[in-house]
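Participant: For the protein sequence lines, the chains are A and B, in the order given. With the first letter of the first sequence counted as 1, position 162 gets the number 162 in my numbering; the numbers rise by one all the way through. Each number in my numbering comes from the position in the second sequence (counting from 1) with 253 added on.
Just so you know, these hints were derived from the structure itself, not from any lab. Mixed in with the good hints there might be a few duds.
In silico contact screen, one side only, chain B against chain A (beta carbon under 8 angstroms); selected entries [to be verified]:
no., residue
1, Leu261
2, Leu262
3, Tyr479
Mimicking DSBU-like on lysine-lysine, the simulated pairs with C-alpha atoms at most 35 angstroms apart in a straight line are [said to hold, decoys possible]:
no., chain 1, residue 1, chain 2, residue 2
4, A, Lys22, A, Lys9
5, B, Lys412, B, Lys466
6, B, Lys466, A, Lys22
7, A, Lys76, B, Lys320
8, A, Lys76, B, Lys414
9, B, Lys466, A, Lys9
10, B, Lys414, A, Lys22
11, B, Lys414, B, Lys320
12, B, Lys414, B, Lys466
13, A, Lys214, A, Lys166
Backbone N, C-alpha and C define an ideal beta-carbon position, used for all residues, glycine too.
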Amino acid sequence: MEDRPSRAKRWYGHGLPYLDDKLLPGHLIVIEGTDGVGRSTQIELLRGWLELEGYAVSNTGWTRSPLLSETIADAKAGHQLTPVTFSLLYAADFADRLEHEIIPALQAGFIVIADRYMYTAFARNALMGADPEWTSEVFGMALVPDLVLFLEIDLDTLVPRVVRGKGMDYWESGMHLALSSDIFDSFQRYQSRLIAEYNRLAGEFGFISVDARKSVDEIQAELRAHVSEYLRRSAATNNEPAEDALLAALRKV
Amino acid sequence: MSRRRRTLLSSPHPYPGRLIAVEGIDGSGKSTQLQLLERWLRARGYPVHFTEWNSSRLVRTSMRRGKRRNLLTPSTFSLLHAVDFADRFIYQILPPLRAGMVVLADRYVYTAFARDVARGVHADWVRGVYRFAPRPDLTFFFRVPIDVSLDRLLTGRAKLKYYEAGMDMELSSDLLESFRLFQGRVLEIYDELAQEYGLRVIDATQDIAGQQKTVRRMTGEVLREYDRGRTRNNNGRSPIAS
Numbered sequence: 001m002e003d004r005p006s007r008a009k010r011w012y013g014h015g016l017p018y019l020d021d022k023l024l025p026g027h028l029i030v031i032e033g034t035d036g037v038g039r040s041t042q043i044e045l046l047r048g049w050l051e052l053e054g055y056a057v058s059n060t061g062w063t064r065s066p067l068l069s070e071t072i073a074d075a076k077a078g079h080q081l082t083p084v085t086f087s088l089l090y091a092a093d094f095a096d097r098l099e100h101e102i103i104p105a106l107q108a109g110f111i112v113i114a115d116r117y118m119y120t121a122f123a124r125n126a127l128m129g130a131d132p133e134w135t136s137e138v139f140g141m142a143l144v145p146d147l148v149l150f151l152e153i154d155l156d157t158l159v160p161r162v163v164r165g166k167g168m169d170y171w172e173s174g175m176h177l178a179l180s181s182d183i184f185d186s187f188q189r190y191q192s193r194l195i196a197e198y199n200r201l202a203g204e205f206g207f208i209s210v211d212a213r214k215s216v217d218e219i220q221a222e223l224r225a226h227v228s229e230y231l232r233r234s235a236a237t238n239n240e241p242a243e244d245a246l247l248a249a250l251r252k253v
Numbered sequence: 254m255s256r257r258r259r260t261l262l263s264s265p266h267p268y269p270g271r272l273i274a275v276e277g278i279d280g281s282g283k284s285t286q287l288q289l290l291e292r293w294l295r296a297r298g299y300p301v302h303f304t305e306w307n308s309s310r311l312v313r314t315s316m317r318r319g320k321r322r323n324l325l326t327p328s329t330f331s332l333l334h335a336v337d338f339a340d341r342f343i344y345q346i347l348p349p350l351r352a353g354m355v356v357l358a359d360r361y362v363y364t365a366f367a368r369d370v371a372r373g374v375h376a377d378w379v380r381g382v383y384r385f386a387p388r389p390d391l392t393f394f395f396r397v398p399i400d401v402s403l404d405r406l407l408t409g410r411a412k413l414k415y416y417e418a419g420m421d422m423e424l425s426s427d428l429l430e431s432f433r434l435f436q437g438r439v440l441e442i443y444d445e446l447a448q449e450y451g452l453r454v455i456d457a458t459q460d461i462a463g464q465q466k467t468v469r470r471m472t473g474e475v476l477r478e479y480d481r482g483r484t485r486n487n488n489g490r491s492p493i494a495s
C-alpha cells in the first residue's frame, strides 16, 4: 500500500488502480451492528440532522445494488450458496455500490452514510468458515471509512427486539449453518457468535462503540456527538499547513 | 505489496482426477481444440466432465443485466465472473476431480488474470480473489496474433461483442480498433502468465489437425500416471484400447 496525501481516502488493500487519481472530498461514515440493533432508525435521524446542518447526505445499504439484489434474493431462496459464492456475491454487490454510489457521492463532496460495510461481510464470512485472510483480500478493493460507529448490543436485549420487530429470518438466524433445527435456538447461537465477532472486529479496526441498549434518543445524541467531533477534526485538518505552504509558494512564483 | 502470496496455483492439487484447461483470446480456436480433445478422450473410455467459463445459472441474470445496460465496472465484471467460477468450481469441477474424472475447462482463472487486469484491476487482487482455485494438471495457451483472431471472429459471426472488444474501457469508439487495443493488452498479459504459471503455448495459427496432434500428445503424457492408477482399479484392464 503506497502512502497517499492525508486528505485523500485510503484503500483497504490493493484498491482499484483505475480510480487512484480520483479526489474524494466527501466523508464516508459507516454504521455497523448486528441485525435488529436499530441501524436504519438511527441513520434516518442522522441524515435529517446532517441535512439541517447543511450537509448533503447519501445513504447506501447492504444488498441493494440494482446489479445483484435480484440474484442474491434468488440464490437465498434456492439455498444453493456455499461460503465462497455467498462471500463473492456480497463482494460484487459491495463493489457495485462502491463504484456507482459511494465513490461518486464522495467525489461530489457528500457525506455517505453506509448502513453496514465490509465488516459485516468479515463477520458473516468468519462464521460461515470462509478463510478470513481470503475475505480481506477480496475486500481489498474497498475504501477505508473515515468513521465507523458500532451499535453494540448483547443477546438478551437483542432477542426480544427482533421478536417484537420483524421476527426471525432464516438467514439472520444462521439456519444455513445448521447450528440447530430450531429457529429460536439457532438465532441465539448465531447472533451470539456474530456479536462476539463484531466485538473482535471493533477492536481490530478501531470502531467507536455506542451502547445500543439505550433509548433511540440517547443513542442518536451519542452518534451526533461522534459525527460532530469527526467533522470538526476533519475541517481543521483540511486547512493543512502543507497545503497553505504550497499555495504561498505558488503565489511567489 | 509486490510480494505475491502463495496460492493453490503454485503446487499440484491432491485430487485423484485430472484437470485440463484451455486459455487464449477470443478467436484463438481453443474451444474447437478442447472439443476435439474431449471426443478423443471419450472414445478412449475416459470419464470426462466438461465445464465452460461464465456458464453458471447463479449469476446469469446479473451478468445479462449488467452487460445489456453497460452497468459493469472492472471490479464488478471481475467479481461476477469469480462468482460464476466459484459456483462451477464447487458443483462442477471439484466433485468430478474428487471422483477421479478428467475435467476439461474451457477457460480457467488465467482468463480473469488476463482480462480483468487488462481492464485495470490490481493483478494481486484478482489472484487473491481466486485463491481457492487449484492448479490444473495441464493448461494450454492457444497463442494467436490479434489480426488472425479478428479474421476468424468476423467470418464466424460478423459482429464483435461490446465487452469482448473492451468497449467499456473507452480505448477507441471504433469497435475493431478497440478490440485490437484491448485484446492486444490481454495477449501481452497471457504471455506473462504463460511464463509465471508454466502454461503450454500452442501456436494457434497452425492448422487445426496439427494443433490437435500436439494437444493429444501432451495430454497423453499428463494422463500416463493417471492411467496407471486406473489400470490398478480396473483389474488390469487398460482404459486405452490401442
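Participant: All hints are to be evaluated individually against the structure, with a verdict given for each.
Facilitator: How the hints compare with the structure:
The beta carbon of Leu261 of chain B comes no nearer than 11 angstroms to any beta carbon in chain A, farther than 8 angstroms, and the hint placing it at the interface is violated. Look at Leu262 of chain B: its Cβ only gets to about 14 angstroms from chain A, farther than 8 angstroms, so that hint breaks. For Tyr479 of chain B, the shortest C-beta to C-beta distance to chain A is roughly 27 angstroms, which exceeds 8 angstroms, and the interface hint is violated. Among the hinted pairs, Lys22 of chain A with Lys9 of chain A is consistent with the structure: their alpha-carbon atoms are about 9 angstroms apart, no more than 35 angstroms.
Annotation: proposed proximity of Lys412 of chain B to Lys466 of chain B holds, straight-line Cα distance about 31 angstroms (limit 35 angstroms). The hinted pair formed by Lys466 of chain B and Lys22 of chain A fails the criterion: a straight-line CA distance of about 51 angstroms is larger than 35 angstroms. For a cut-off of 35 angstroms, the pair hint linking Lys76 of chain A to Lys320 of chain B stands: about 23 angstroms separates their Cα positions. The suggested pairing of Lys76 of chain A with Lys414 of chain B holds, with an alpha-carbon distance near 31 angstroms, which does not exceed 35 angstroms.
A C-alpha spacing of about 54 angstroms is found between Lys466 of chain B and Lys9 of chain A, which places the hinted pair above 35 angstroms, so the restraint is violated. For the suggested pair Lys414 of chain B and Lys22 of chain A, the alpha carbons sit about 29 angstroms apart, so the restraint of at most 35 angstroms is met. A hinted pair counts as satisfied when its Cα atoms are at most 35 angstroms apart, and Lys414 of chain B with Lys320 of chain B qualifies at roughly 10 angstroms. For the hint linking Lys414 of chain B to Lys466 of chain B, the alpha-carbon distance of about 31 angstroms falls within 35 angstroms, and the restraint holds.
At most 35 angstroms may separate the alpha-carbon atoms for a hinted pair to count; Lys214 of chain A and Lys166 of chain A meet this at roughly 20 angstroms.
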